[in-house]
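Enquirer: These are the residues of each chain, in order.
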Amino acid sequence: MDTKYKMYLLVCGGTGCRSSQSNVLEERLRKHLKENKLENEVQVITTGCFGFCEKGPIVKVQPDNTFYTQVTPEDAEEIIKEHVIKGRQVQRLLYKDPDKKEIVHDSKHMGFYRKQLRIALRNCGFINPENINEYIARDGYAAVAKCITEMTPQQVIEEMKKSGLRGRGGAGFPTGMKWEITSKSPGDQKYVVCNADEGDPGAFMDRSILEGDPHSVVEAMAICGYCIGADKGLIYIRAEYPLAIKRLKIAIQQAQEIGLLGKGILGTKFNFDIEIRYGAGAFVCGEETALIRSMEGGRGESTLKPPFPSVSGYLGKPTNVNNVETFANVPVIINKGADWFNKIGTEKSKGTKVFALAGKINNVGLIEVPMGTTLREVIFEIGGGIKDGKKFKAVQTGGPSGGCLTEKHLDLPIDFDNLVKAGSMMGSGGMVVMDEDDCMVSIAKFYLDFTVEESCGKCAPCRVGNKRLYEILDRITHGNGKMEDIDLLRNLSKVIKDTALCGLGQTSPNPVLSTLEGFYDEYVAHIKEHRCPSGRCKDLMKYEINPENCVGCTACARNCPVNAITGERKAPHTINQELCIKCGACIEKCKFNAIFIR
Amino acid sequence: MKNIKVTIDKKEVEVKQGTTILDAAKSVGITIPTLCYLHLKDFNITNRPAGCRICVVEVEGRRNLAPACATECTEGMVINTHNIRVLNARKTVLELILSDHPTDCLICAKSGNCELQTLAHEFGIREIEYQGEQSTYKKDMSPSIIRDVDKCIMCRRCEMMCNEIQTVGALSAVNRGFTSVVAPAFEQDLSCSPCTYCGQCVAVCPTGALTEVDHTNQIIRLLADPTKTVVVQTAPAVRAALGEEFGLKPGTSVTGKMVSALRELGFDYVFDTDFAADLTIMEEGSELLDRIARYLKGDTTVKLPILTSCCPGWVNFFEHQFPDMLDVPSTARSPQQMFGSIAKTYFADKLKIKRQDMVVVSIMPCLAKKFERSREEFSTDGNPDVDFSLSTRELAQLIKQANINFNALPESDYDAPLGESTGAAVIFGASGGVIEAATRTAYEIFTGKTLEKVDFTELRGLESIREATVDFNGTPIKIGIAHGLGNARKLLERVRAGNSGFHAIEIMACPGGCIGGGGQPLHHGDSSILFARQKAIYDEDKSKAIRKSHENPYIQKLYKEFLGAPLSEKSHHLLHTHYFDKKKVIEIDE
Amino acid sequence: MNKIKSLDDLRKIKADVEGKMKLREHSENAENLVQIKVAMATCGIASGAKTVMDFLVSDLDKRNIPAVVTQTGCMGYCYAEPTIEVTKPGEEPIVFGYVDTKKAEEIITKYILTGELVDGIIPVNYEKIEDKKN
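Residue numbers (this note's numbering), protein chains in the order written: chain B, 2 to 599; chain A, 189 to 778; chain D, 5 to 138.
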């Protein structure tokens, strides 16, 4: 190295480690370096999150790759004296492998702490998505080549079935089985459709895959086409994803130019080509029958299944619809083998799942973890825990179709079936974390508001029922609810789930049911006590002045936009609740902590 | 096809593969309530969006309830149609639908004939637990049809009729979620759409969302006005259906009672549109013969086939959809308009009154007639040839309102001279009737021979598109028939392609012809009613002494005294018309 | 671009490109270029990745540092956008987060030119499929 420093101490500056005083630790390290006149030889560097917050704070020493865990500020001196000066590792700070009970000396052998495994995201952030050669260099198009030159369609389907891959769009239908059904459906023309109509609030994994690795989807669609006997692929993508569309277009064009799409691919008799179709951003068009109707030029609305698209889909022909992430897994399964893939994950959910971590979490981002990873690992390790040191309250998975999981679900291994059992669902992989400040009735209301807007309006329970659910929640959050409303919510939710035409309606009451289940007390507080425990519902808030703290400075009264605050100078003030609009201006201006929300 | 066994409410049923749960249940006497579902057997008309969810049943082993109308039976299926889960679900769903529906039943045009009201009654709904905001939309009033879509329940029947059956494309679902509704593009008014006013949407609407423009009150006022001579004409298909409104068996012909009722109501002259139908045959038949004669002489400019033009829905359709072919249809006006024209000239002269003092009212099975009568070209100095057009339903309403005991009325005859008609005119009411009537007359004029057998059964029936060749004494005349505008479109496209080979084509906008018109008593999806009406029409034809239009003595007299000959200058002036290019270019407000 | 007409063609291209990429990434040869990848998915661009990329290109050029700046997809660290990955010849790639033009300047001046590490490194917290053995 041509650097002036001979050694680096990398200190994790992730929020999790920061809250365990990693900043103090950093200062101490610098202090001890200076005391030993090493500040020009050893440099302390702040890094982003290591994703190992449970064992934080973390210090990594370079170039020898020593990995210290749970380092306190008090340990700084020992690290400098022992490791930096004498070159001896501080044994007690080294990570102990919980399985082998062995001390790990070198972070190169610490792969297991990495909770994430990138299969679908394998090329995102690695290759230039606009250069097909970079994709080819990373085994790109090797899978389709292997399929069409060495395998029969049935063999590929068997491999897919053996892999245990299930649809990543939400419902988790076994992909291999879907391909098999479509391949066996009689039809002179068949279609492969890629569902890129990602619509869950907060979910963006499909967009990221298409933007970062469009060729993986193109290749997988060709493999699917080979299996089911289709020579035409269609990608239904929302027009709101211009960059993804641009990169897909480039990918398709490059694949065509180079002969990996088109007629007689790789000198075989296999023909396959792909067209892009645009959606206008209707959430319901993520439902496959609505998607197909929209592609046909009709109003985007669901139709009754059966017939399933695999029997009668686009233009009435057998059509295999898979989601972007599902497709992104396919080339890896073919290249590395079903046996490699099916050893990852849980018994019934194989492989990994990409999640979009959002909400009150430190490391907002796109992650990919093996099925079976617990919610705790995702939220507190990879996600770095809750923002601002607040208390975890719930995590919403599955978007508007999912539910809110609570503290008691934190150690639940994430897979399709466990999430459904817990009252939520996998969905497309949105994960919104909520803290103590979130009102769960309002959260349920937020999702219902979304479904009311996005319902196609075809079936009565979804069109009217969700609106009524929303209205009941709305009156509860405004303090106008009655206890009977809870029975109404329950019955209505049950009936909507039981009678709605498509997956959208059949799952739309989930946010209501799961919050009723996990946060019944909050509903009761809103209804009986007219109180929002999280202080979110404006109508239930009351700003008051504590006369003991109020010095009568008049700052609040002067800043109240509606003149709701009165009082003599140097005497405690009062707020007229009739006039107060709960804007919060008074709290901001009060320097004496005299104003509080009840 | 193989049979499968299912169990419905503990009853074992064997049904053909492909049978729905609804039909399987019906076969063992279990009636599952439905709302959006509509099936007109033998007409190829089915509405099954599975959207209302009223017909849900429990299928053992399934997670959700299944819509009986659209779920096919599978081997070994066990179905419960009325357990607590099902009944609660249905009732809740119905309450939801009602919660977004105005409850002004007392003054709704559909009251007593509303399928939603009937369901609410059967379900014993006494309160609606799920109250909330109701979706409201602007009311739309066209010359024929009123859209009050606050009452739309999104059954989509109208949309299905408008798009799949009629291929008009005036109506479709718009908006999303709670505000979804069926409307013309951009929620414009019907009058801005390619609507033909065929009224098939009204004919299938289960609620009061689509109704006809009601003129009954104006008629009552006019009948009381001593300065007006009020003349009424009744279309052929009305007599075959009116009785249904008074509880008579479908297919009961009530011509005589209807004439009595109209007299009781106070109409000064009760005439028959059938008279004008005979007149139409004279004009249209002559036009056909003229074109054929020119064609046989080698005139290559002659337009063949000739298309009938008595159906106003059809006229609207080709003006909107086939503006390039406006010279193909016959120029003959419809019987309603021929009647109005003759009444306000020939008959008014006879009475020695001014046309302004005469009011011509027509009773029609049709809603497009309301629009047709309002066309500018059918008025003189701002005075329309036909002042009001009432539907069969409106006439029934008038009779009920006047507390006339319809069923006890004696039978009586139409007035002369515009009340006399032939069997040929009666059959205008059924698909194929116009062309059969024309054939009877054209054959005799073309060949100079007397027809041995007047029944051209090959032209009858209810298949959607029919073709037949009639031998005109050595000259084969190829005839096409279509009912329903979607079928008409298919024939039209063949004509446009130029190799159809037809000489004459009859088109009726409504399925079955006028017997299935948009102004008729509601069939509520029972196609046997349409078949019964059709039979009544042909029976009436058979019972007539004269069955060829040109033999109608009053028609002969009319030509002798007034018109001269068919296609004369006077005829052209009074009995023919021209068509307009009405292709819609949609303009959006603001 | 030449058409790939057979499996062998495909393998040849793979070997070719892979070889070139490896050479770039792992060679000790000083003549080799510094490789910088900028995460340019919608999320990255929204946080300013384009500006950073433009800056990198012009600044490296101004200083005559032989480097290749390319775009890539989302690296997943949305909380730390814009993110870039820098690979110096013969060294492991390093990801930096929260990169604005100021940070980019620092990365060039310190890390690229002198090898000195700077704040904002994002440790790799996932396994790659290549590493996942059964």
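The reader is advised that the hints may include incorrect statements.
Unchecked claim - Heads up, simulated DSBU-like pairs for lysine-lysine below, C-alpha to C-alpha not over 35 Å straight-line: (1) B:K422 / A:K279; (2) B:K529 / A:K279; (3) D:K136 / B:K250; (4) D:K132 / B:K264; (5) B:K337 / D:K7; (6) B:K163 / D:K107; (7) D:K106 / B:K147; (8) B:K344 / D:K16; (9) B:K147 / D:K114; (10) B:K147 / D:K66; (11) A:K327 / A:K678; (12) A:K229 / B:K185; (13) D:K107 / B:K162; (14) D:K7 / B:K7; (15) B:K250 / D:K9; (16) B:K163 / D:K92; (17) B:K306 / A:K193; (18) D:K16 / B:K250; (19) D:K92 / B:K7; (20) B:K233 / A:K678; (21) D:K66 / D:K7; (22) D:K24 / B:K147; (23) D:K7 / B:K250; (24) A:K229 / B:K306; (25) A:K199 / A:K214; (26) B:K388 / D:K106; (27) B:K422 / B:K391; (28) D:K16 / B:K7; (29) D:K132 / B:K337; (30) D:K7 / B:K147; (31) D:K106 / B:K247; (32) B:K250 / D:K132; (33) B:K344 / D:K107; (34) B:K35 / D:K16; (35) B:K349 / D:K132; (36) A:K204 / B:K495; (37) B:K35 / D:K9; (38) B:K392 / D:K66; (39) B:K56 / B:K38.
Quick caveat, the hints were computed from the structure, so don't treat them as lab data.
Enquirer: The structure should be examined with respect to each hint, and the outcome stated for every one.
Expert: Here is how each hint holds up against the structure:
no., hint, result
1, B:K422 / A:K279, "holds (28 Å)"
2, B:K529 / A:K279, "holds (29 Å)"
3, D:K136 / B:K250, "holds (32 Å)"
4, D:K132 / B:K264, "holds (34 Å)"
5, B:K337 / D:K7, "holds (26 Å)"
6, B:K163 / D:K107, "violated (48 Å)"
7, D:K106 / B:K147, "violated (47 Å)"
8, B:K344 / D:K16, "holds (31 Å)"
9, B:K147 / D:K114, "violated (46 Å)"
10, B:K147 / D:K66, "violated (46 Å)"
11, A:K327 / A:K678, "holds (34 Å)"
12, A:K229 / B:K185, "holds (33 Å)"
13, D:K107 / B:K162, "violated (48 Å)"
14, D:K7 / B:K7, "violated (50 Å)"
15, B:K250 / D:K9, "holds (22 Å)"
16, B:K163 / D:K92, "violated (41 Å)"
17, B:K306 / A:K193, "holds (21 Å)"
18, D:K16 / B:K250, "holds (25 Å)"
19, D:K92 / B:K7, "holds (17 Å)"
20, B:K233 / A:K678, "holds (31 Å)"
21, D:K66 / D:K7, "violated (38 Å)"
22, D:K24 / B:K147, "holds (24 Å)"
23, D:K7 / B:K250, "holds (18 Å)"
24, A:K229 / B:K306, "holds (24 Å)"
25, A:K199 / A:K214, "holds (12 Å)"
26, B:K388 / D:K106, "holds (27 Å)"
27, B:K422 / B:K391, "holds (28 Å)"
28, D:K16 / B:K7, "violated (42 Å)"
29, D:K132 / B:K337, "holds (13 Å)"
30, D:K7 / B:K147, "holds (18 Å)"
31, D:K106 / B:K247, "holds (30 Å)"
32, B:K250 / D:K132, "holds (27 Å)"
33, B:K344 / D:K107, "violated (42 Å)"
34, B:K35 / D:K16, "violated (55 Å)"
35, B:K349 / D:K132, "holds (23 Å)"
36, A:K204 / B:K495, "holds (33 Å)"
37, B:K35 / D:K9, "violated (64 Å)"
38, B:K392 / D:K66, "violated (50 Å)"
39, B:K56 / B:K38, "holds (30 Å)"
In summary, the numbered hints that this structure violates are 6, 7, 9, 10, 13, 14, 16, 21, 28, 33, 34, 37, 38.
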